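Listed below, chain by chain, are the residues.
There are 2 protein chains.
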Amino acid sequence: MPEISIRGKQLPESSIRKLVPFADAAKDKGVHVFHLNIGQPDIKTPAHAIERIKNFDFDLIPYGNSAGNLSYRTKLAKYYQSHNLDVEARNILVTTGGSEAISFAFKACFNPGDEIIIPEPFYANYLSFAQESDIVIKTVTSTMEDGFKLPAIEKFEEVITDRTKGIFICNPSNPTGYLYTKEELHALELIVKKHDLYLLSDEVYNEFVYDGKKHCSVLSLENIKENVIMIDSVSKHFSACGVRIGSLVSHNKNVINTILKFAMARLCPPILGQEVAEAAFDSPPEYIQEVYKEYLKRRDYCINRLNNMNGVYAPMPQGAFYSIVRLPIDHCDKFCQWLLESFSFRKQTIMLAPATGFYKTEGAGINEVRIAFVLKVEDLEKALDCLEEALKVYPGRTNK
Amino acid sequence: MPEISIRGKQLPESSIRKLVPFADAAKDKGVHVFHLNIGQPDIKTPAHAIERIKNFDFDLIPYGNSAGNLSYRTKLAKYYQSHNLDVEARNILVTTGGSEAISFAFKACFNPGDEIIIPEPFYANYLSFAQESDIVIKTVTSTMEDGFKLPAIEKFEEVITDRTKGIFICNPSNPTGYLYTKEELHALELIVKKHDLYLLSDEVYNEFVYDGKKHCSVLSLENIKENVIMIDSVSKHFSACGVRIGSLVSHNKNVINTILKFAMARLCPPILGQEVAEAAFDSPPEYIQEVYKEYLKRRDYCINRLNNMNGVYAPMPQGAFYSIVRLPIDHCDKFCQWLLESFSFRKQTIMLAPATGFYKTEGAGINEVRIAFVLKVEDLEKALDCLEEALKVYPGRTNK
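Note that the protein sequences, when read in sequence, are chains A and B.
Taking the working numbering, the leading residue of the first sequence gets 5, the next gets one more, and so forth.
Taking the working numbering, the leading residue of the second sequence gets 5, the next gets one more, and so forth.
Hints may contain errors.
Heads up, the list lumps identical chains together, so a pair's fine if it works in one copy or across two of them.
What the hints assert, rightly or not - With a straight-line Cα cutoff of 27 Å, these simulated DSSO-like cross-link-like pairs (lysine-lysine) come out: (1) K79 to K159; (2) K13 to K229; (3) K198 to K396; (4) K351 to K396; (5) K229 to K257; (6) K79 to K58; (7) K58 to K13; (8) K13 to K297; (9) K364 to K229; (10) K338 to K301; (11) K13 to K380; (12) K197 to K13; (13) K386 to K79; (14) K198 to K13; (15) K82 to K386; (16) K13 to K153; (17) K13 to K79; (18) K22 to K301; (19) K229 to K301.
Derived from the structure by calculation, the hints contain no laboratory data.
Every value quoted in this text rests on a predicted model; they were computed, and no experiment measured them.
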């Protein structure tokens, strides 16, 4: 039997996905599982966008433009302009989810063996995209004590080598919910300029920013316009994860033209999803306001409830819909599996994401989990009831 | 400004896509362009499949299973079983088009620098997928004289090195329309077994096989079950190129499990497209029979007409809807550009794919083009009127 590739073997299995069989087994036993482990909101996709598909008048679903439909790219450009960002349709490529945008950016910007710096904890799949292009991730660690703010620029300088070609952030951050400040972004601008690096920023949660804060996009950094690549998606913005429509924005023509070559090879992004995405941007402003208010309510309930539990700490997320939460437990992988395998409360349990999957540093995050507040408050309440009870009886509890 | 990656720079621009600005300019001048350059059929997607989307009762479009919906994989398995292939849902991964299936297979099976052998002429985008994974394509040349049949196995042996890890075929072939015989597949089976290679087969045109011939899938090769990966798609089968739904089939568990890891990183294939694809398999048998008859009519008209032109030769394709056609011209790239830039007949012209893009061997195919018979006979007639007139007046004609 022929061998699997080295990158295929080395690709880590998702620590969340490893728990799926245990969740399935719990469900088979009749236990209801609250999924706070994944960013799949229960929020409705705009009705307007779904109507577009139902009323679309076609009898053939042909290939579209490899760069994405011009009408959609034009609409996206207007959206960014309304956020005071200087973006034209020509700066945008439509991708099959934000995932493909990241994958394309990695391929177009980095050679095998090149290094990129990512503040940890970070979205676990970045590791997979790096691995498939043979790119090396170096990390600087942000800490819960500091609310997961950007690590000091000296920490970046310490890990920069002659193979370092980029810095990659997620803003607001999945998994921490941290929102980078203007000052932090300017600090990144300086180091990126100094070493002539790429600065990639995953901004798919940019509509979810709380407490009167303002999201600052890397596209607003005037001194490094050619270095910047912004990644976006309608998945969370319009609760339309399944349409698989993302986008990549850059003022660097070489980047856009190179990625277009990769995009041409895969022919086009999904046509039906693009229709939904384009229509979604015509949703009434009330849609996103309602969604925003809903997340705010969930966040406040979830974080306050967590911080009232004995031995639990969760910094207040300023964006996105995640929090990295410290628990009084011996090991998050063990605990998350135990929740599914050995625990239930009122025939219910909770599925969480072990934080170890978000750190590259060995041993980091072992007493942390990521909680996604993607369920309605009524469900969050039941889910956190489970967590509270679980922590009382978990055999591996650390401070009893 | 930071540099573009080496693979990004080296990625060839498509010789077809290079002609697009000339086609656009022709259209701007009011010239109608018949597109025989691309496999985008004018055939309708099954009405039944489009209805599924229109009547689908959802208010949220969430992520789906990374492997693809189980209901769809089960339906696909039944379809393959009806073609006497031993395939279960667990052997199938649903992908974002056949493109992603190829890309996944390359990443999972081959290391950077590994070599795969492909009979040329071959579908140009294979080169892009190889390049993005730093895989080297070696070719064996099939010739028009031999009707593009499989090159002798000795030719394969000649290019095998210790870096050779796979053989990749397209059956029936885009761009030649050649259908590999059972004997040819058994010859491949022997060499694959001997060197323990992967055998990848792109079979997206398997429904389009003419003259009473039978398509022989690599999945039927009993002695190399663990070596074989079959790539499929609904794009051509159901004239649904824009839904971006393909599939990858293998009996090798390591391959499936490894690719599933890559698939998890990109979360899921498009949900709406999957709905269309699943419904398409419930289309009445008349749909595919009608489509088949239509292509047969187009093929017969197109190839007979071409072979009646002075100095033109087109072997009769036994499958797919392409033919590599020899023309009495100096250079196909020049000719195809000239057709768009400097020629029109009754305010019409024709866009063809220069065959140079389908060969890796320098200088091969310079007097050949690929013609896709994807338009109705009425349009094919006008398009070939253009070609006939063009060949009379083209300044670079070779045998006057």
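Outcome of the hint check:
1. K79 to K159: Cα proximity of K79 and K159: none, with 39 Å in one copy and 53 Å across.
2. K13 to K229: Close across copies (21 Å), not inside one copy (37 Å); limit 27 Å.
3. K198 to K396: This pair counts as neither: shortest intra-copy Cα distance 51 Å, inter-copy 61 Å.
4. K351 to K396: within (17 Å within a copy, 81 Å between copies)
5. K229 to K257: For K229 and K257, the Cα distance is within 27 Å only inside one copy (11 Å; across copies 46 Å).
6. K79 to K58: both (21 Å within a copy, 24 Å between copies)
7. K58 to K13: For K58 and K13, the Cα distance exceeds 27 Å both inside one copy (43 Å) and across copies (42 Å).
8. K13 to K297: neither (43 Å within a copy, 46 Å between copies)
9. K364 to K229: Result: close neither inside a copy nor across copies, 29 Å intra and 37 Å inter.
10. K338 to K301: Neither: 30 Å inside a chain and 64 Å across chains, both beyond 27 Å.
11. K13 to K380: neither (39 Å within a copy, 48 Å between copies)
12. K197 to K13: Classified as between: cross-chain Cα gap 23 Å, same-chain 36 Å, threshold 27 Å.
13. K386 to K79: neither (41 Å within a copy, 38 Å between copies)
14. K198 to K13: Answer is between; shortest inter-copy Cα gap is 24 Å, intra-copy 36 Å.
15. K82 to K386: neither (41 Å within a copy, 42 Å between copies)
16. K13 to K153: This pair counts as neither: shortest intra-copy Cα distance 34 Å, inter-copy 36 Å.
17. K13 to K79: Answer is neither; intra-copy 41 Å and inter-copy 30 Å both fail.
18. K22 to K301: Classified as neither: same-chain Cα gap 31 Å, cross-chain 52 Å, threshold 27 Å.
19. K229 to K301: neither (36 Å within a copy, 54 Å between copies)
The structure is inconsistent with the numbered hints 1, 3, 7, 8, 9, 10, 11, 13, 15, 16, 17, 18 and 19, although it conforms to all the rest.
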